[in-house]
Amino acid sequence: MIIRRAISAACLLVWAVSASAQTPPPKAAGGDAADGAYVWNAMQGEKLVALGARGDAARGEITFEICQGCHRTHALGRPDGSYPRLAGQHITVLIKQMTDVRAGRRRNDVMLPFIDKHVASPQDIADIAAYLTKLPSPPNNGRGPGSDLARGQKIYEADCVSCHGQGGQGDAAQFYPRLNGQHYKYMLHEMIQIRNGMRGNSNPRMVEVVKTLNDADLEAAADYLSRLPTGQP
Amino acid sequence: MCCAPGLGLLFALAVMAGAARADTAALVASQCMACHGDGGNSVVPMFPRLAGQQAQYVAKQLRDFLTGKRKNEVMAPSLAQFKDADVDGLAAYYAAQKRTPITPGNDKLLAAGKALYDDGNTQSGVPACVGCHQPEGLGNDRYPGLAGQHPGYAATQLQQFKSGARNNDRAKVMRAVAARMSDDEIAAVVEFLASLP
Numbered sequence: 001m002i003i004r005r006a007i008s009a010a011c012l013l014v015w016a017v018s019a020s021a022q023t024p025p026p027k028a029a030g031g032d033a034a035d036g037a038y039v040w041n042a043m044q045g046e047k048l049v050a051l052g053a054r055g056d057a058a059r060g061e062i063t064f065e066i067c068q069g070c071h072r073t074h075a076l077g078r079p080d081g082s083y084p085r086l087a088g089q090h091i092t093v094l095i096k097q098m099t100d101v102r103a104g105r106r107r108n109d110v111m112l113p114f115i116d117k118h119v120a121s122p123q124d125i126a127d128i129a130a131y132l133t134k135l136p137s138p139p140n141n142g143r144g145p146g147s148d149l150a151r152g153q154k155i156y157e158a159d160c161v162s163c164h165g166q167g168g169q170g171d172a173a174q175f176y177p178r179l180n181g182q183h184y185k186y187m188l189h190e191m192i193q194i195r196n197g198m199r200g201n202s203n204p205r206m207v208e209v210v211k212t213l214n215d216a217d218l219e220a221a222a223d224y225l226s227r228l229p230t231g232q233p
Numbered sequence: 234m235c236c237a238p239g240l241g242l243l244f245a246l247a248v249m250a251g252a253a254r255a256d257t258a259a260l261v262a263s264q265c266m267a268c269h270g271d272g273g274n275s276v277v278p279m280f281p282r283l284a285g286q287q288a289q290y291v292a293k294q295l296r297d298f299l300t301g302k303r304k305n306e307v308m309a310p311s312l313a314q315f316k317d318a319d320v321d322g323l324a325a326y327y328a329a330q331k332r333t334p335i336t337p338g339n340d341k342l343l344a345a346g347k348a349l350y351d352d353g354n355t356q357s358g359v360p361a362c363v364g365c366h367q368p369e370g371l372g373n374d375r376y377p378g379l380a381g382q383h384p385g386y387a388a389t390q391l392q393q394f395k396s397g398a399r400n401n402d403r404a405k406v407m408r409a410v411a412a413r414m415s416d417d418e419i420a421a422v423v424e425f426l427a428s429l430p
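Top to bottom, those sequences are chains E and A. 1 is the number of the first residue of the first sequence in this note's numbering; add one for each residue after it. 234 is the number of the first residue of the second sequence in this note's numbering; add one for each residue after it.
Calculated directly from the structure, the hints in this document are not laboratory data. Keep in mind that the hints are not guaranteed to be accurate.
Covered stretches of chain E (in silico footprint by chain A; criterion: 3 or more residues with CB under 8 Å from a CB of chain A, positions within the stretch not fixed) [to be verified]:
no., stretch
1, 60 to 73
2, 76 to 83
3, 113 to 120
Derived DEER-like restraints, expressed as beta-carbon distance ranges [as the list claims (entries may be wrong)]:
no., chain 1, residue 1, chain 2, residue 2, range
4, A, N373, E, L112, 51 to 59 Å
5, A, L312, E, L112, 32 to 40 Å
6, E, W40, A, T336, 31 to 39 Å
7, E, S121, A, A267, 56 to 64 Å
8, E, L112, A, G385, 45 to 53 Å
9, E, H118, A, P334, 32 to 40 Å
10, A, S396, E, D116, 18 to 26 Å
11, A, D417, E, H118, 28 to 36 Å
12, E, H74, A, Q356, 20 to 28 Å
13, A, G385, E, A173, 26 to 34 Å
Backbone N, C-alpha and C define an ideal beta-carbon position, used for all residues, glycine too.
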């Protein structure tokens, strides 16, 4: 009982931290973190297995078939932001997000049935990531309106660049995603989800940052990002 | 001299292979053709067209029928007439048949059906069918072909996946997809599938 109460208190604390949350973030559903408070990117469970596996890009291309109905061939996603571009993303990020979605740490009911444990093993996840990371990310991603780029650059360089890098290349070792080449509307949607405590697996550091930004700030930053040169800086 | 046993073995294998083909042909003629048509080109909308279907898919369905994972009362009498050892021969037979074109019933639905097939529905989360079932609807080793299928049969299967009445899809994936499809989308996409050569 005492332990359970302590866990509840810890959960409340986490919820309180993600201040503007209108709905509480999801609890891990039978996943790696099912036993307690959310710890960002805790290194355990099948994520570790997948990260340690030797991914096979040729196998990954085949396994990815089930994903391309949404993420499209060559994993370019959709410019309307409904599905993100995955081409050229870091292996670590891809594995983290796939395992987070299916463990319930990241809330994504649309994707959940297609990354179920019966669909893909941790080896399959490593294979998919090995395939996706090698795909080119051409400069045909969805862009913003281009109306407030100076503001976007200022915000990006003040608040985002320390993690996501000058060129929006992210940081594979830190599990920070590549953002260059990503669709504007997808980035904007995710920033708002993160700010509003709806994404579930957000880095608390990022939540703190985006909490200070209003919608126009986020639009400008996402717009600036969507125009950074794509590919591998 | 040393070759004689080898030749004998080859001869025996050839005879067995011939026997297997003869068995398959007899099974097709006695158990399958009445519903699935000549060469698998069924003319009755409730019976699926099997001509040119992916062998892996036919084999999986037949084994699912035999083990009860997929249930169909109409198939039941025929299922009693063959066994697991016959499945691969039947699957290879139908995969090798040439599909004849059929005429879709409702041309007005083709454009909407093609849009769903190629792009899915981002509002409701229906993935584009093309992702798995391939351009031209031909399928591959892992996913069934859908081209030239009877609209009535395809619609029934989608509705059964949607309701869960059919539940032998891998990892519930088709059930998840069909559950997101509206009746209008089902009606449209099956017309498009039928129109594919």
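Taking the hints in turn, this is what the structure says about them:
Residues of the stretch 60 to 73 of chain E lying with their CB closer than 8 Å to a CB of chain A number 9, which satisfies the three-residue condition for coverage. Counting residues of the stretch 76 to 83 of chain E whose beta carbon lies closer than 8 Å to any beta carbon of chain A gives 4, which meets the minimum of three for the stated coverage. Coverage of the stretch 113 to 120 of chain E by chain A holds [criterion: at least 3 residues with CB-CB distance below 8 Å; count 5]. Separated by about 25 Å at the C-beta atoms, A/N373 and E/L112 break the suggested range of 51 to 59 Å.
For the pair A/L312 and E/L112, the supplied restraint of 32 to 40 Å holds, since their beta-carbon distance comes to about 35 Å. Between E/W40 and A/T336 the Cβ separation comes to about 58 Å, which falls outside the hinted range of 31 to 39 Å. Roughly 42 Å separates the CB atoms of E/S121 and A/A267, a value that falls outside the hinted 56 to 64 Å. In this structure the hint that E/L112 and A/G385 lie 45 to 53 Å apart at CB is violated, the actual value being about 32 Å.
For E/H118 and A/P334, the hinted distance range of 32 to 40 Å is satisfied, since their beta carbons lie about 36 Å from each other. Checking the proposed 18 to 26 Å range against A/S396 and E/D116 shows it holds: the Cβ atoms sit about 20 Å from each other. Checked against the hint of 28 to 36 Å, the C-beta distance between A/D417 and E/H118 comes to roughly 30 Å, which is consistent with it. Taking the beta carbon of each, E/H74 and A/Q356 are about 23 Å apart, inside 20 to 28 Å as hinted.
Between A/G385 and E/A173 the Cβ separation comes to about 55 Å, which falls outside the hinted range of 26 to 34 Å.
Hint check: violations occur at hints 4, 6, 7, 8 and 13; the rest are consistent with the structure.
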